[in-house]
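> Using the numbering used here, read the sequence shown as starting at 26 and increasing by one per residue.
No lab work stands behind these hints: they were computed from the structure.
Note that CB positions come from ideal geometry on N, CA and C, so glycine has one too.
Each hint should be verified, as a subset may be incorrect.
Stated by the list, open to error - For each label pair, taking beta carbons as the anchor points, the in silico distance ranges come out as:
{"no.": "1", "residue 1": "Thr310", "residue 2": "Ala92", "range": "39 to 49 Å"}
{"no.": "2", "residue 1": "Thr310", "residue 2": "Asp103", "range": "41 to 51 Å"}
{"no.": "3", "residue 1": "Asp103", "residue 2": "Ile81", "range": "16 to 26 Å"}
{"no.": "4", "residue 1": "Thr182", "residue 2": "Gly365", "range": "39 to 49 Å"}
{"no.": "5", "residue 1": "Thr310", "residue 2": "Ala361", "range": "41 to 51 Å"}
{"no.": "6", "residue 1": "Gly368", "residue 2": "Ile183", "range": "42 to 52 Å"}
{"no.": "7", "residue 1": "Asn216", "residue 2": "Ile267", "range": "20 to 30 Å"}
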Amino acid sequence: MPNYCCRLAVTAWAFVVVVINVVGPTEAALAPGTILVTDSRGAIYSVDRHTGDRTILSGFGVGSGPALGSPISLTVNDRSEIYIANITSSSQADILRIDPDTGNRMLVSATMPGVTAWPRDLTFAPNGQLVGLSDQYQGPNGENSIFTIDLDTGERTIVFEVTDNEEPGLRPLSGSNITFDHQGNILYPSNEGLLSIDPAGNRTLISDLDDLPFDFLSAIVTDKAESIFVSPLSGIFEVDRITGDITRLTDTGFNTFDDLALDHLGNILAIGSRSNRLIAIDPETGDQTIVSGGPVGDGPLFEHGLSHFLAVVPAALGDLDIDGDVDDADFGLAFAAFTGPGGGTPSNPAADLDGDGDVDDADFAFVFAGFTGPLAALNVPEPNALALLVVSAALIARQRRR
26 MPNYCCRLAV
36 TAWAFVVVVI
46 NVVGPTEAAL
56 APGTILVTDS
66 RGAIYSVDRH
76 TGDRTILSGF
86 GVGSGPALGS
96 PISLTVNDRS
106 EIYIANITSS
116 SQADILRIDP
126 DTGNRMLVSA
136 TMPGVTAWPR
146 DLTFAPNGQL
156 VGLSDQYQGP
166 NGENSIFTID
176 LDTGERTIVF
186 EVTDNEEPGL
196 RPLSGSNITF
206 DHQGNILYPS
216 NEGLLSIDPA
226 GNRTLISDLD
236 DLPFDFLSAI
246 VTDKAESIFV
256 SPLSGIFEVD
266 RITGDITRLT
276 DTGFNTFDDL
286 ALDHLGNILA
296 IGSRSNRLIA
306 IDPETGDQTI
316 VSGGPVGDGP
326 LFEHGLSHFL
336 AVVPAALGDL
346 DIDGDVDDAD
356 FGLAFAAFTG
366 PGGGTPSNPA
376 ADLDGDGDVD
386 DADFAFVFAG
396 FTGPLAALNV
406 PEPNALALLV
416 VSAALIARQR
426 RR
């Protein structure tokens, strides 16, 4: 017990040193937590997560550069840089960068015929590398691949490639995308099941996916607790990472989801081609709430009947209330979700900043290190922030002694 208390004391003093030297935060081009939506008619929307208001970010007369034809994938990095794959012909798609301030579009990677020609999914690896998944049968001999894109040169480099006659387990399941877990492994829905591919290329079968109602997978996401959620043509299902068992989380009825994302509260965001509404789904209960579209939010509606793709602007590490700063309010949210080491699933998954399944002093250290104070504050934190730190540390130490 003394060691634990000392660890808290060291963390607290480290926090004091950090916040005295921190500089005030700057306004981001897109607010953290902003939801990005694109559809196949060539429009990119920004959606306010709190109000549901919709704004055309690029396309339809907003921004200059290469025309938006039919975007087929969308992703954003921690610098709010937006990337899309934009169809240019029946078998090729360029990769564009979208300026979040102006909506201007810049060519990053022009398509070359072959196995990387049709990146039906783009995502960022934990190391910041942009990664693409090619569609089925795009190469001259039916190859498909996972490849990286150099953001400076546009060069596409194949990481994994498979032909019709080799390694059938790497053939992507129709309609699927890829994502990275928090260990840097690729989660890859293939024709043999859901695979985990580590950075060395070793593959592990997580689930054969036989219990899904359709041999089609439109989207896959994973949260900090390593829960895996997938969407075939109907409903959203959770895949147990250990056993491979599949449980239906929610039914979608007539609507089918084109893409899934996670907001900063751990809710699943979904949008479908048969609905013009963006919804949030509670990962525990399956309850659905309209975020934008229909009666929620102002601005141009998402086009009904067209494919949509989603991304969420990342928040700074420790910005738990997604207000653009890291202050005592965020520390309060982390403290409210405190479980202690190995204490089980936290009430607020966003507070598990190191992704180890609990909220403990290691997570508080991330909030301390990222502390900025409120956006309007000066360099030095408000006294109540330091007071909250001291009181919280004492309460945690008291809880650990019991």
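> Hint by hint, say whether it matches the structure.
Comparing the hints with the structure gives:
no.: 1; hint: Thr310 with Ala92: 39 to 49 Å; result: 43 Å, holds
no.: 2; hint: Thr310 with Asp103: 41 to 51 Å; result: 30 Å, violated
no.: 3; hint: Asp103 with Ile81: 16 to 26 Å; result: 24 Å, holds
no.: 4; hint: Thr182 with Gly365: 39 to 49 Å; result: 44 Å, holds
no.: 5; hint: Thr310 with Ala361: 41 to 51 Å; result: 20 Å, violated
no.: 6; hint: Gly368 with Ile183: 42 to 52 Å; result: 43 Å, holds
no.: 7; hint: Asn216 with Ile267: 20 to 30 Å; result: 23 Å, holds
Checked against the numbered hints listed earlier, the structure breaks hints 2, 5; every other hint is satisfied.
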